[in-house]
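Just so you know, the protein sequences line up as chains A and B, in that order. With the numbering used here, you'll find the first sequence wraps up at 952, consecutive numbering, no jumps. With the numbering used here, you'll find the second sequence wraps up at 952, consecutive numbering, no jumps.
Each hint should be verified, as a subset may be incorrect.
To be verified - Below are the DSBU-like pairs computed for lysine-lysine, each with C-alpha atoms no more than 30 Å apart in a straight line:
#1 A:LYS655 with B:LYS518
#2 A:LYS599 with B:LYS544
#3 A:LYS655 with B:LYS815
#4 B:LYS655 with A:LYS815
#5 A:LYS655 with B:LYS655
#6 B:LYS553 with A:LYS655
#7 B:LYS655 with A:LYS518
#8 A:LYS655 with B:LYS544
Think of the hints as simulated: they come from the structure by calculation, not from any bench.
Number of protein chains: 2
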Amino acid sequence: MEAIKVGLIGFGTVGSGMAQVLHEQAGRLQKKVGTEIVLKRVADIRIEALPPHLAGIELTRDVQQVLADPGIDIVVELIGGIEPAKSFILAAIANGKHVVTANKALISQHGSEIFAAAHARGVEVGFEASVGGGIPVIKALKEGLVANRILSVMGILNGTANFILSTMTDQGLPFATVLRQAQEKGYAEADPTYDVEGIDTAHKLAILMNLAYGMSIRLDEISIEGISCIEPIDIAFGRDLGYRIKLLAITRNHGDHVEARVHPTLVPEDHMLASINGAYNGINFRGDMVGDVLLYGYGAGKMPTGSAVAADIVDIARNILNGSINRVPALSYRHEHLRPRRITPLEELQGPYYIRISAVDHPGVLSTISGILGKHGISIESVIQKGRNAQGSVPVVMVTHDAREAAVRQALAQIDALDICTARSVKIRILVDDGEEEH
Amino acid sequence: MEAIKVGLIGFGTVGSGMAQVLHEQAGRLQKKVGTEIVLKRVADIRIEALPPHLAGIELTRDVQQVLADPGIDIVVELIGGIEPAKSFILAAIANGKHVVTANKALISQHGSEIFAAAHARGVEVGFEASVGGGIPVIKALKEGLVANRILSVMGILNGTANFILSTMTDQGLPFATVLRQAQEKGYAEADPTYDVEGIDTAHKLAILMNLAYGMSIRLDEISIEGISCIEPIDIAFGRDLGYRIKLLAITRNHGDHVEARVHPTLVPEDHMLASINGAYNGINFRGDMVGDVLLYGYGAGKMPTGSAVAADIVDIARNILNGSINRVPALSYRHEHLRPRRITPLEELQGPYYIRISAVDHPGVLSTISGILGKHGISIESVIQKGRNAQGSVPVVMVTHDAREAAVRQALAQIDALDICTARSVKIRILVDDGEEEH
Numbered sequence: 514m515e516a517i518k519v520g521l522i523g524f525g526t527v528g529s530g531m532a533q534v535l536h537e538q539a540g541r542l543q544k545k546v547g548t549e550i551v552l553k554r555v556a557d558i559r560i561e562a563l564p565p566h567l568a569g570i571e572l573t574r575d576v577q578q579v580l581a582d583p584g585i586d587i588v589v590e591l592i593g594g595i596e597p598a599k600s601f602i603l604a605a606i607a608n609g610k611h612v613v614t615a616n617k618a619l620i621s622q623h624g625s626e627i628f629a630a631a632h633a634r635g636v637e638v639g640f641e642a643s644v645g646g647g648i649p650v651i652k653a654l655k656e657g658l659v660a661n662r663i664l665s666v667m668g669i670l671n672g673t674a675n676f677i678l679s680t681m682t683d684q685g686l687p688f689a690t691v692l693r694q695a696q697e698k699g700y701a702e703a704d705p706t707y708d709v710e711g712i713d714t715a716h717k718l719a720i721l722m723n724l725a726y727g728m729s730i731r732l733d734e735i736s737i738e739g740i741s742c743i744e745p746i747d748i749a750f751g752r753d754l755g756y757r758i759k760l761l762a763i764t765r766n767h768g769d770h771v772e773a774r775v776h777p778t779l780v781p782e783d784h785m786l787a788s789i790n791g792a793y794n795g796i797n798f799r800g801d802m803v804g805d806v807l808l809y810g811y812g813a814g815k816m817p818t819g820s821a822v823a824a825d826i827v828d829i830a831r832n833i834l835n836g837s838i839n840r841v842p843a844l845s846y847r848h849e850h851l852r853p854r855r856i857t858p859l860e861e862l863q864g865p866y867y868i869r870i871s872a873v874d875h876p877g878v879l880s881t882i883s884g885i886l887g888k889h890g891i892s893i894e895s896v897i898q899k900g901r902n903a904q905g906s907v908p909v910v911m912v913t914h915d916a917r918e919a920a921v922r923q924a925l926a927q928i929d930a931l932d933i934c935t936a937r938s939v940k941i942r943i944l945v946d947d948g949e950e951e952h
Numbered sequence: 514m515e516a517i518k519v520g521l522i523g524f525g526t527v528g529s530g531m532a533q534v535l536h537e538q539a540g541r542l543q544k545k546v547g548t549e550i551v552l553k554r555v556a557d558i559r560i561e562a563l564p565p566h567l568a569g570i571e572l573t574r575d576v577q578q579v580l581a582d583p584g585i586d587i588v589v590e591l592i593g594g595i596e597p598a599k600s601f602i603l604a605a606i607a608n609g610k611h612v613v614t615a616n617k618a619l620i621s622q623h624g625s626e627i628f629a630a631a632h633a634r635g636v637e638v639g640f641e642a643s644v645g646g647g648i649p650v651i652k653a654l655k656e657g658l659v660a661n662r663i664l665s666v667m668g669i670l671n672g673t674a675n676f677i678l679s680t681m682t683d684q685g686l687p688f689a690t691v692l693r694q695a696q697e698k699g700y701a702e703a704d705p706t707y708d709v710e711g712i713d714t715a716h717k718l719a720i721l722m723n724l725a726y727g728m729s730i731r732l733d734e735i736s737i738e739g740i741s742c743i744e745p746i747d748i749a750f751g752r753d754l755g756y757r758i759k760l761l762a763i764t765r766n767h768g769d770h771v772e773a774r775v776h777p778t779l780v781p782e783d784h785m786l787a788s789i790n791g792a793y794n795g796i797n798f799r800g801d802m803v804g805d806v807l808l809y810g811y812g813a814g815k816m817p818t819g820s821a822v823a824a825d826i827v828d829i830a831r832n833i834l835n836g837s838i839n840r841v842p843a844l845s846y847r848h849e850h851l852r853p854r855r856i857t858p859l860e861e862l863q864g865p866y867y868i869r870i871s872a873v874d875h876p877g878v879l880s881t882i883s884g885i886l887g888k889h890g891i892s893i894e895s896v897i898q899k900g901r902n903a904q905g906s907v908p909v910v911m912v913t914h915d916a917r918e919a920a921v922r923q924a925l926a927q928i929d930a931l932d933i934c935t936a937r938s939v940k941i942r943i944l945v946d947d948g949e950e951e952h
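Given only the sequences and the hints, what does the whole structure look like? Please build it.
Pasting the structure below:
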C-alpha cells in the first residue's frame with residue numbers, strides 16, 4: 514500500500530514536535546498501521562530551513578503548496594489563532610484533504626462551520642490535541658465512553674494556570690510574582706490573558722461540551738472567571754478548611770439545560786482533582802454507566818501535543834487505508850442528531866461558597882454580616898476569624914451551606930457597601946462532588 | 514442499514530450489566546453509530562428468565578444457539594474462567610463471528626491462540642473490559658498513545674486489593690479483619706486468592722505488556738507477591754516515612770529486556786498512584802513522546818464493565834458497517850511484528866527497600882544487622898527504632914539506598930537466622946519514579 518502523505522502548516526513548537534514524533538516513531542507506526550506515514554512538505558513563513566533530521570522534507574513559504582498538493586492526504590494546521598488558520602483549513606477541506614489541528618480557539622468558535630464543510634466534502638477533521646495536550650481525552654469521550662450519558666465533566670485544562678496556582682500554594686507567593694517567574698521560565702506567555710483569565714480553559718470546555726452532549730455552544734454562553742484575583746490569604750484559609758484552589762472547567766448535565774462555567778474553585782483535598790499539580794491537566798468525566806473516569810497528563814508541550822497530533826494522523830490514515838472515512842462522527846453524535854441545549858444561567862446555580870470579608874475589628878461586625886446573609890437566605894456552615902492586624906481590619910472567612918449565586922451576589926454587594934468593610938469581599942465557589950452511586 | 518445483532522453468553526453480574534447498558538443506551542448508540550445495536554439472544558444455564566426490561570430477547574440454555582446463529586454478528590463471552598469460555602470463543606470465531614470478552618484470565622493465558630484464530634478467520638476480538646473495568650485503558654494504549662515507545666506501565670489493577678489496603682490504612686486494622694468485612698459487603702469473593710495474591714493483577718499486567726511491547730508473555734514469567742502478608746505496623750511505618758502501600762503491577766522497558774512484576778509497593782505520598790483509594794483502579798503509562806498519562810476509574814463492577822463491553826461492541830459494529838474489520842490490530846502491533854522479549858529476572862532488579870526486622874532490645878543489635886547489610890553491599894538511608902515492647906522485642910525499620918534484590922534476599926536470610934531476631938524480617942520494595950524529563 515502506498516504511503517500516507519502528510520502536509521504541515523506551521524513549524525513552531527508543536528509543529529516541530531509533531532514532525533519529530535513522525536520521524537522518531539516512523540518504524541513503530543509502520544509496524545502498527547502497515548503503511549508508512551510520511552511528512553511530505555512543511556509550510557512556514559518564518560523559518561529558513563528544517564532541522565537536519567528532517568532532511569528530504571520540502572520546506573515552502575507558500576501554503577498553497579501544501580493545501581493544493583494532490584499528493585498530500587492529510588493537512589495538519591498548527592499555526593493557531595482564528596485567521597488565517599480557518600481559511601487554510603476550509604481550503605484544505607475544499608480540496609478533499611483530511612485535516613488535523615490542535616487549534617482550540619478555532620474549533621471552539623468556528624467548529625460548526627468547519628465540521629459542516631468536512632461532512633459535506635466527506636473528509637475528516639481530527640482535533641485530539643486541542644484539549645488535554647497528549648492525553649487521549651477526546652478519543653476516551655467519543656469512543657471509550659460511547660455508551661454513556663455524560664452527567665458531568667470537570668477539568669483542570671490549562672497547565673499554565675495550574676502551575677501558577679500550585680506554586681502560589683506551595684510557596685505562599687502572590688499571583689503577580691509567580692506569574693513573572695512562570696514567564697521567565699517560559700511556562701507563561703508574555704501576554705498571559707488567555708491562560709490566566711480562563712479563556713483557554715473555556716475554549717476547551719466548549720469542545721468537550723460539544724462532544725459530551727452533541728450540542729454546539731457559543732463562547733459567550735460560558736461564565737468565565739480567571740485566577741488573577743486569587744490571593745495567598747485565600748489559598749491559606751482554603752487549606753485550613755481542607756481545600757485546594759484550582760481553576761476548573763465545569764459542566765453538569767441537567768437534561769433540559771447544562772451548566773457551562775470556568776472559575777477558581779475550592780476542591781476538597783481528598784478529591785482526585787486536588788492532587789493534580791504543576792503544569793499537569795486532569796479531566797474527570799462522569800457517565801451514567803461507567804461512573805467517574807479521570808485522565809491525567811501533560812496538557813501542553815511540544816512532544817505531548819505532537820503525540821496527540823500523530824494519533825489523529827494514524828486514526829485518519831487507518832480510515833483512508835480501510836475506506837472507513839468518518840467511521841466515528843467528528844462530534845460524537847452523527848451530524849443530523851446535533852441539537853442546541855439551554856445553558857444554565859450562572860445566577861441560578863446553587864452550592865456552597867467560601868466568602869472572605871475584610872472588616873474593622875469591632876464587636877457586632879459578625880452579627881451585622883451574618884444578618885445580611887441570613888436575609889438573603891444564606892446560612893453559614895463555619896466561620897474563621899483569626900488574628901488582628903495593625904490597621905484594625907480583620908478577615909472574616911465563612912463557608913456557607915448551599916446558596917444561590919444570585920443571592921450571594923446581592924448579599925455581598927450589600928455587605929461591601931457597609932462602612933465596617935475595609936475592602937471588597939471575596940467569594941470562591943466550593944466544589945460539591947455529590948458522589949455518584951456505588952456501582 | 515440493518516441492525517447489528519449481539520449474542521451474549523453468561524448472564525451473571527457483568528452480563529446483565531452489559532445487557533442493561535445496551536438497553537438503556539439504545540437510542541444514544543443509534544444516534545452515534547447510525548444503526549441499531551440489538552441484543553438478540555442470551556445463553557445461560559443458571560437462569561430461568563430475563564428481567565422484564567429485556568422482554569423480547571430470547572433466552573436459551575443451549576450455547577450453540579448463540580454460537581451458530583447466522584443472524585448474530587458479535588458474540589459476547591462473559592462467563593469467565595478458562596473452560597468452557599475458551600472453546601466457546603474459538604467456536605464463535607470458527608463460525609465467523611466477532612467476539613467481545615472481559616475474560617482476563619483467558620486472554621492473558623490463551624490470547625495468542627485466540628488472536629491467531631481470529632486473525633486467520635478475519636474477525637475481531639475486543640477485550641477492553643479485561644483491564645481497568647470501565648476505564649478505556651486498552652483503547653488509550655493502542656490508539657491514543659500509538660505514536661509512543663512505552664517506557665513503563667504502573668498500575669493499581671485490582672479494586673478488591675486496593676479496597677483492602679485502603680481500609681487497612683484508614684482504620685489500622687489487620688488484613689484478615691478487613692478481608693472478612695470486604696467479603697461480607699460483597700467486595701471480595703469467598704475465595705479471594707486471585708484478588709489478594711496478585712494473580713488477577715498479573716493477568717492484567719500480561720495483557721498490557723502484550724499491547725505495550727508487541728510481545729507475548731507467559732504468566733509464570735511474572736513475579737507475583739500478594740498483600741496477605743502486609744501488616745498494619747508496616748502501613749503505619751510506611752506512612753511515617755511518607756509512603757502509602759499499594760499493590761502495583763509494574764513493567765519497565767529496558768529495550769532488550771522488560772520488567773514484569775506484581776507486589777506490594779511503598780508509593781511516595783505525593784505520587785498520583787498514592788491518591789487512588791478504595792475500589793478504584795489507576796494505570797500510569799509513560800511514553801517517550803507523551804510523558805506520563807494516568808487513567809483512573811472503577812476497575813470492576815456491573816455497569817462500568819458493561820460500559821467497556823458496550824464500547825467494544827460499538828467499535829466492532831462500526832467496523833462491520835464500514836467494512837474495516839481489524840482496522841486496529843488486536844495486539845496493537847500487526848500480527849507479523851509480534852516478537853518475544855526477555856523478562857528481567859527479579860533478582861537483577863535494583864531499588865530501595867523498606868526492611869523491618871524484629872529483634873531483641875539489646876545494645877549492638879543495630880550494629881550487627883547493619884554490618885550484615887553492609888557486607889552485602891546494602892547501605893542504609895534511614896532507620897527508625899521506636900518504642901519497646903513488653904516481650905523485649907522491638908521493630909527496627911530501615912530504608913535502604915538502591916540495592917539488588919538478590920543481595921537483599923541473601924542478607925535478610927542471614928539476619929533471620931540470628932538469635933537476636935524474634936520474627937521473620939519483612940521487606941517491601943519502594944517505588945522510585947525516576948521522573949521523566951520535562952517536555
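How the hints compare with the structure:
Distance hint between A:LYS655 and B:LYS518 is fulfilled; the C-alpha atoms sit about 22 Å from each other, no more than 30 Å. Between the alpha carbons of A:LYS599 and B:LYS544 the distance comes to roughly 28 Å, so the proposed pair stays at or under 30 Å and holds. Under the criterion of a C-alpha separation no larger than 30 Å, the hint pairing A:LYS655 with B:LYS815 is consistent with the structure, at around 21 Å. Taking the CA atoms of B:LYS655 and A:LYS815, the gap is about 21 Å. The hint holds against a cut of 30 Å.
Distance hint between A:LYS655 and B:LYS655 is fulfilled; the C-alpha atoms sit about 15 Å from each other, no more than 30 Å. About 25 Å separates the Cα atoms of B:LYS553 and A:LYS655, which keeps this hinted pair within 30 Å; it holds. Between B:LYS655 and A:LYS518, the direct Cα distance comes to roughly 22 Å. Compliance with the 30 Å bound is thereby established for this hinted pair. A distance of roughly 12 Å separates the Cα atoms of A:LYS655 and B:LYS544; the hinted pair therefore holds under the 30 Å criterion.
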